[in-house]
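Residue numbers (this note's numbering), protein chains in the order written: chain A, 53 to 320; chain B, 53 to 320.
By construction, these hints were calculated from the structure, which means they are not laboratory data. Idealized CB from N, CA, C, for every residue including glycine. There are no misleading hints in this set.
Negatives, chain A to chain B, calculated, CB over 10 Å:
| no. | residue |
| --- | --- |
| 1 | 54 |
| 2 | 60 |
| 3 | 65 |
| 4 | 274 |
Quick partial rundown of chain B residues pointing at chain A, CB under 7 Å, derived from the structure:
| no. | residue |
| --- | --- |
| 5 | 127 |
| 6 | 128 |
| 7 | 136 |
| 8 | 137 |
| 9 | 232 |
| 10 | 233 |
| 11 | 239 |
| 12 | 242 |
| 13 | 243 |
Number of protein chains: 2
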Amino acid sequence: MASFKKYCVTGKFKLANIDPAAVPFLKGDEEAQREELEALAVRLDDLQNKLHAEGRRKLLLVLQGLDTSGKDGTIRWVFSRTSPLGVRVKAFKVPSDDERAHDFLWRCHAAVPAAGEIAIWNRSHYEDVLVPVVEGLIDKAETRRRYAQISDFERLLTETGTVVIKCMLHISKDEQRKRLQARIDQPDKRWKFQMDDLSVRKKWSDYERAYEKALAATSTDYAPWHVVPADSKLNRNLMVANLIVKTLEDMKLTLPPASPALNHLVVQ
Amino acid sequence: MASFKKYCVTGKFKLANIDPAAVPFLKGDEEAQREELEALAVRLDDLQNKLHAEGRRKLLLVLQGLDTSGKDGTIRWVFSRTSPLGVRVKAFKVPSDDERAHDFLWRCHAAVPAAGEIAIWNRSHYEDVLVPVVEGLIDKAETRRRYAQISDFERLLTETGTVVIKCMLHISKDEQRKRLQARIDQPDKRWKFQMDDLSVRKKWSDYERAYEKALAATSTDYAPWHVVPADSKLNRNLMVANLIVKTLEDMKLTLPPASPALNHLVVQ
Numbered sequence: 053m054a055s056f057k058k059y060c061v062t063g064k065f066k067l068a069n070i071d072p073a074a075v076p077f078l079k080g081d082e083e084a085q086r087e088e089l090e091a092l093a094v095r096l097d098d099l100q101n102k103l104h105a106e107g108r109r110k111l112l113l114v115l116q117g118l119d120t121s122g123k124d125g126t127i128r129w130v131f132s133r134t135s136p137l138g139v140r141v142k143a144f145k146v147p148s149d150d151e152r153a154h155d156f157l158w159r160c161h162a163a164v165p166a167a168g169e170i171a172i173w174n175r176s177h178y179e180d181v182l183v184p185v186v187e188g189l190i191d192k193a194e195t196r197r198r199y200a201q202i203s204d205f206e207r208l209l210t211e212t213g214t215v216v217i218k219c220m221l222h223i224s225k226d227e228q229r230k231r232l233q234a235r236i237d238q239p240d241k242r243w244k245f246q247m248d249d250l251s252v253r254k255k256w257s258d259y260e261r262a263y264e265k266a267l268a269a270t271s272t273d274y275a276p277w278h279v280v281p282a283d284s285k286l287n288r289n290l291m292v293a294n295l296i297v298k299t300l301e302d303m304k305l306t307l308p309p310a311s312p313a314l315n316h317l318v319v320q
Numbered sequence: 053m054a055s056f057k058k059y060c061v062t063g064k065f066k067l068a069n070i071d072p073a074a075v076p077f078l079k080g081d082e083e084a085q086r087e088e089l090e091a092l093a094v095r096l097d098d099l100q101n102k103l104h105a106e107g108r109r110k111l112l113l114v115l116q117g118l119d120t121s122g123k124d125g126t127i128r129w130v131f132s133r134t135s136p137l138g139v140r141v142k143a144f145k146v147p148s149d150d151e152r153a154h155d156f157l158w159r160c161h162a163a164v165p166a167a168g169e170i171a172i173w174n175r176s177h178y179e180d181v182l183v184p185v186v187e188g189l190i191d192k193a194e195t196r197r198r199y200a201q202i203s204d205f206e207r208l209l210t211e212t213g214t215v216v217i218k219c220m221l222h223i224s225k226d227e228q229r230k231r232l233q234a235r236i237d238q239p240d241k242r243w244k245f246q247m248d249d250l251s252v253r254k255k256w257s258d259y260e261r262a263y264e265k266a267l268a269a270t271s272t273d274y275a276p277w278h279v280v281p282a283d284s285k286l287n288r289n290l291m292v293a294n295l296i297v298k299t300l301e302d303m304k305l306t307l308p309p310a311s312p313a314l315n316h317l318v319v320q
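Take these sequences, add in the hints, and give me the full structure.
See below:
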């Protein structure tokens with residue numbers, strides 16, 4: 053398996069140094085790749101069961117990326133074998149009036165995983181250091197304040213038993229063009245297309261810059277960012293699946309000890 | 053496929069008339085049965101995608117049953133192929149202080165599915181006409197009032213676009229004995245065992261009576277109850293999977309119309 057290290061955000065991070073078309077996690081032919089993904093999905097289901105049985109720690113997967121970068125597809129394929137019993141997906145959309153009436157971390161805190169759970173965030177609190185930055189709604193001082201608030205929030209989570217995995221799905225501008233065009237051209241995909249996607253696309257480099265700064269500022273020892281080359285859907289899925297499986301394995305999950313008091317109990 | 057009609061609660065319903073060991077949904081050998089379940093799970097994933105794409109209606113699956121009747125297992129196997137993107141599981145436990153400070157439908161209303169979603173309730177508002185009835189905490193008048201409140205609540209849901217499926221997983225007392233014993237005897241299952249299960253088991257016939265009355269009182273045209281013979285796990289899974297797939301097929305889900313305004317749009 054390729055190393056995650058190269059894709060982990062540290063120090064003076066430059067998004068341009070990571071090629072969205074790279075396929076470091078592809079080995080063998082496509083059939084072998086699909087088999088590996090299936091095996092990882094099954095393994096992930098087993099590890100999720102252990103996480104639930106242990107009932108103590110939590111896993112949070114944050115997925116960020118521009119439109120069509122494959123957030124939904126990643127969830128679909130990486131968690132294709134996991135029971136919905138212990139996995140909760142939260143999609144963060146444009147904030148409602150009620151959400152806007154609170155601090156930006158309020159709605160996120162409400163959606164953190166409980167003991168034994170995996171929560172997947174499709175977009176996240178990071179939207180609040182992307183959209184407002186690109187649109188000029190907050191100044192540099194406020195942006196820096198939010199970076200620090202985010203890191204404090206994530207420290208709270210990790211110190212209270214949550215392992216946090218953050219992945220930015222990184223696609224090229226040309227790959228996005230193809231995917232948006234496909235949504236327009238294929239009648240059964242057209243419902244996914246929104247005109248707003250095109251206006252966001254026009255600010256591509258502004259978003260790349262906002263991502264670069266946010267990732268560099270909030271990639272910490274306890275909650276590091278990984279940039280996932282995502283032009284290849286299979287590379288993207290395999291990298292995220294491998295990362296989650298490795299993280300859960302490193303947690304050394306164990307079943308609660310079987311109570312000896314039950315050793316000879318017979319049910320009537 | 054066997055008919056659901058015999059297992060749908062109507063009129064003068066008697067739980068004793070339904071054999072928990074019946075296997076009306078098993079055809080062929082075990083391999084054929086497992087293949088059918090896998091095919092249904094894949095079909096369910098496809099239908100869930102359509103429900104999401106349509107983005108208008110909702111599906112609520114209520115699962116009730118005594119301890120070890122297989123609520124978790126049903127969710128695991130029937131939804132083994134469904135992406136967690138559009139399926140949310142809510143497990144209702146003993147009410148918290150905050151939940152107790154509200155009416156009994158408050159926490160349930162908060163957990164109903166949104167447009168395009170499937171919500172699965174592992175236990176539900178029906179616990180509030182089971183435990184308090186068996187424990188003598190509410191009288192007959194209050195019980196009847198709750199039945200009516202439940203039916204009113206479910207009418208609201210169905211009138212506002214939610215299709216409601218309610219399944220009681222029906223096991224025999226002897227099958228429960230075997231399953232509880234297995235939890236005690238198998239070290240890797242022991243974490244599931246709770247001493248409290250044994251005290252509930254002692255009130256088996258009280259619970260059966262409370263179920264019988266509650267199901268008869270709340271099985272309506274718009275939100276009927278099905279009793280699922282559940283001594284056989286495969287029969288149980290196949291019956292629930294078939295019921296959900298049939299329900300979604302009957303909804304005649306359609307993609308939103310592709311906007312002709314996009315017909316010749318080219319992404320730059």
